[in-house]
Amino acid sequence: MAQDRKSGRAGRSAVQQGVRQALAAGDMVPGQRLVEQELSDGFGVTRSSVREALQELAAEGLVELVPNRGARVRVVSIEDAVLITECRSALEVLCARRAAVHATDDDRQALGGIGEGMRAAVAEGALDTYSALNRRLHERVAAASGQTVAESLLDRLNAQMVRHQFRLAARAGRPAQSLPQHLAIIDAIVAGDPDAAEKATRAHLDSVLEQVRATAGGAPSLVP
Numbered sequence: 001m002a003q004d005r006k007s008g009r010a011g012r013s014a015v016q017q018g019v020r021q022a023l024a025a026g027d028m029v030p031g032q033r034l035v036e037q038e039l040s041d042g043f044g045v046t047r048s049s050v051r052e053a054l055q056e057l058a059a060e061g062l063v064e065l066v067p068n069r070g071a072r073v074r075v076v077s078i079e080d081a082v083l084i085t086e087c088r089s090a091l092e093v094l095c096a097r098r099a100a101v102h103a104t105d106d107d108r109q110a111l112g113g114i115g116e117g118m119r120a121a122v123a124e125g126a127l128d129t130y131s132a133l134n135r136r137l138h139e140r141v142a143a144a145s146g147q148t149v150a151e152s153l154l155d156r157l158n159a160q161m162v163r164h165q166f167r168l169a170a171r172a173g174r175p176a177q178s179l180p181q182h183l184a185i186i187d188a189i190v191a192g193d194p195d196a197a198e199k200a201t202r203a204h205l206d207s208v209l210e211q212v213r214a215t216a217g218g219a220p221s222l223v224p
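Residue numbers are given in our numbering: position 80 of the sequence shown equals residue 80, and the series is strictly consecutive.
Simulated from the structure, these hints should not be mistaken for lab results. One or more of the hints may lead you astray.
[Unchecked claim] In silico SDA-like links for lysine to any residue, alpha-carbon gap of 20 angstroms or less:
hint : residue 1 : residue 2
1    : 6         : 20
2    : 6         : 67
3    : 6         : 18
Bear in mind that the values here come from a model prediction, so they are computed numbers and not experimental data.
Using the sequences and the hints, build the whole thing.
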């Protein structure tokens, strides 16, 4: 019933979190229409909460509000993908340096475990597992850095790029290419070496940026 639906901040947060999770899982795709009533029913919130959430998601670059047509998941152009990756690179380098200094024993153990999981995923050809561990690695480094502003900004940037990141990971030979880059980042942070962590992270993101730019001649947008 309508009176049982969440409203206000709770309702707005439920929609925002739900949409972000759906994007990360690939359950929502670029260009997909976001119908207010469907979101209201799906998340058990009022339609006013849906509208407020969509406004905030649009401000984050995850959703587009089209006049007279409603909302849709943003389609990220190749040009935008390059700009996003450049910003992500600067933030991830910052986080990697700080993580090398501030990481706890639990952080180091977790990073080592992620690295071993990534090795196994590449050996087994488990693309979905590798992609998920890739996200976990970058999230753990950001969290270990203690740089909460950078961590929040990276969450927003990565949410915009999740579809493209999966497509990059799916390219022939890409996991085997990126695995040693990720392991170098882990080794540097575990060793407490901020200079090495910066160097390894910069090399990895330069490689990602090169791959993103290489797609510019093959597709006008990042639609699956």
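Do the hints match the structure? See the list:
no., hint, verdict
1, 6 <-> 20, "18 angstroms, holds"
2, 6 <-> 67, "27 angstroms, violated"
3, 6 <-> 18, "14 angstroms, holds"
In terms of the numbered hints stated before, the structure departs from hint 2 and from no other.
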